[in-house]
Amino acid sequence: MILSWTLFIIYMIGTSYLGWLGYKKTSGDFRSFAIGRADMSPLVVGITLATSTASAATFIINPGFVYVDGLAAFMHLGIGAFAGILCMLLILSFSFRSQGDAFKALTIPDWIGKRYKSSGFSIYFALVNLLSFAFVVLLVGGISIVMQKQLGVSNVTALAITLIFVTTYVLFGGTYAHVYTNLLQGVLMIVVSVVIIGSGVYVMGYLKPDLITFIGEQNPKMLMVYNDESVLFKDHFSTWISGFLIGSALVCQPHILTKALYVKNNRDVGRYIIVFAFVYIFFTALLLAGFWAHGVISPEQLVDAETGVFRQDLVMTVYLQEVFPDWVFAIISVVLLAAAMSTLDGLLVGVSTITSNDLIINGLNKMPGKNMSERDSLRLAGRMTHVILIVIAIAVFIVNLDPPRLLGIFGQVGVYGLVIAAVPPLLYGVLFRNSPLVALWTLSVVGLGIHFILYFNGSALFPWSSLAFSNPGVTASIAFIAVVIPTLLMGVLIGKKK
413 MILSWTLFII
423 YMIGTSYLGW
433 LGYKKTSGDF
443 RSFAIGRADM
453 SPLVVGITLA
463 TSTASAATFI
473 INPGFVYVDG
483 LAAFMHLGIG
493 AFAGILCMLL
503 ILSFSFRSQG
513 DAFKALTIPD
523 WIGKRYKSSG
533 FSIYFALVNL
543 LSFAFVVLLV
553 GGISIVMQKQ
563 LGVSNVTALA
573 ITLIFVTTYV
583 LFGGTYAHVY
593 TNLLQGVLMI
603 VVSVVIIGSG
613 VYVMGYLKPD
623 LITFIGEQNP
633 KMLMVYNDES
643 VLFKDHFSTW
653 ISGFLIGSAL
663 VCQPHILTKA
673 LYVKNNRDVG
683 RYIIVFAFVY
693 IFFTALLLAG
703 FWAHGVISPE
713 QLVDAETGVF
723 RQDLVMTVYL
733 QEVFPDWVFA
743 IISVVLLAAA
753 MSTLDGLLVG
763 VSTITSNDLI
773 INGLNKMPGK
783 NMSERDSLRL
793 AGRMTHVILI
803 VIAIAVFIVN
813 LDPPRLLGIF
823 GQVGVYGLVI
833 AAVPPLLYGV
843 LFRNSPLVAL
853 WTLSVVGLGI
863 HFILYFNGSA
873 LFPWSSLAFS
883 NPGVTASIAF
893 IAVVIPTLLM
903 GVLIGKKK
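With my numbering applied, the sequence shown corresponds to residues 413 to 910, in that order.
Don't take each hint at face value.
Computed cross-link-like contacts, DSS-like style, restricted to lysine-lysine with a CA-CA straight-line distance of at most 30 Å [what the hints assert, rightly or not]:
# : residue 1 : residue 2
1 : K516      : K676
2 : K676      : K529
3 : K529      : K516
4 : K676      : K436
5 : K526      : K516
6 : K436      : K516
7 : K516      : K561
8 : K633      : K620
9 : K526      : K676
What the hints contain is simulated information worked out from the structure, not anything from laboratory work.
Whole structure, please, built from the sequences with the hints as guidance.
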């Protein structure tokens, strides 16, 4: 316990120093707080993008899905999602950066509003962006799980430490603090990934050489590319297709796509995507810990002692405790906390800047007699961002006092709705010239509606269907297909290609 606290305090001191460097670079300028000064290295941005995309889901939450559902979960959350993310990054990032630079855009809603010349469209997406709150809850909940195990603190204490610490350095350092701290976190995550992947070699080579056979004997469906006994990954669509499609859509998250605005030209965009691809596929391999865990832990070890509920989100933490000595587990646990914080800080920057700049400032400017200058708007947005960060932290703290049972699913439902809504205007905006605002706004609302209606009522509406409507990736993928096909057809028929 002493070693864990020592390492965590060292990590906080190092991160705080990097946050201070970010503060010095930001110098009170809201634009640099939101996206920097387009002067960042592609190597740094690539590592930052990989760490932001991987986060607590890859390092803490998703191995539990593989433990429960087997190869199908790995194909959906790992290979399928990675392929989709990489494809959409290549489609969107270059034109998004070029147009964003011309528009002087600060956020995705800001980009959309300026691309389609509609502040109302920007306000709509700022409201939709509030769905990111669900993913913030997931990240903070994941951090709390690890912190309780490793530091021996209560849930309340873990939440307080996390939110006060991360909110403080984001509050002052903004995007530069996010990038500088993510570089440190990314290097730590890469090193620990090597160690954890090595543990899998050890488990399969020495502790449980017949692991694959053992898993197959326990449940042959665990080794199939889809698992028809699974609630979430029970057919090819739920496993492969939805994994690819939702991976594609996830690029439209504020803290993912806006990385293109951190660099000065499209050549640097290509370079950071290459860095991202190499680092992220490495992180993806960590989901295999869900298989390795079958060789060293039993389902009984994953039952919450207080509630008696099976907690699949404990798989990675319990696995590491069983495989590594206490001192190694202490080091790895600190890095798991860093992995979660690497996405949390980026999300907090995105949510706060979007809410202040695109929702509050745009809303005020639409009021009669209110038309602030750009300078005054940016100044007020900077002040509002600090208030919003504090409000978000308090709200996340309250929700995580009694967290949802499946944090991964809770986070996915909200963020998938956000990205599906953003796909039509972003995809059309980078591929075609004209601006059919009403049609794209309609498709965005329709996509959002399809996702939520199917997730909450799909089984009742279509009882004959074998689709896994309880998997938000499936419902979001159906919505993705429903809006992307009309978007592309509309572009081909009435839009001039760029």
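_Need the status of pair K516, K561: alpha-carbon distance at most 30 Å?_
Roughly 45 Å between the alpha carbons, so the hint for K516 and K561 is violated.
_Holds or violated: K526 to K676, with C-alpha atoms at most 30 Å apart_ = 20 Å, holds
_Please verify whether K633 and K620 have alpha carbons no more than 30 Å apart._
20 Å, holds
*Does the structure keep K529 and K516 at a Cα separation of 30 Å or less?*
Roughly 13 Å between the alpha carbons, so the hint for K529 and K516 holds.
*Regarding the pair K436 and K516, is the alpha-carbon distance no greater than 30 Å?*
22 Å, holds
*Take the C-alpha atoms of K676 and K529, compute the straight-line distance between them, and say whether it is at most 30 Å.*
Roughly 24 Å separates the two Cα atoms, so the pair holds.
*Pair hint K516 and K676, alpha-carbon separation not exceeding 30 Å*: Between K516 and K676 the Cα gap is close to 12 Å, so the pair holds against 30 Å.
*Quick one, are K676 and K436 close enough, alpha carbons at most 30 Å?*
Holds: K676 and K436 sit about 21 Å apart, inside 30 Å.
*Would you check the hint for K526 and K516, treating anything up to 30 Å between C-alpha atoms as holding?*
The hint holds at about 9 Å.
Hint compliance for this structure: hint 7 is the single one not met.
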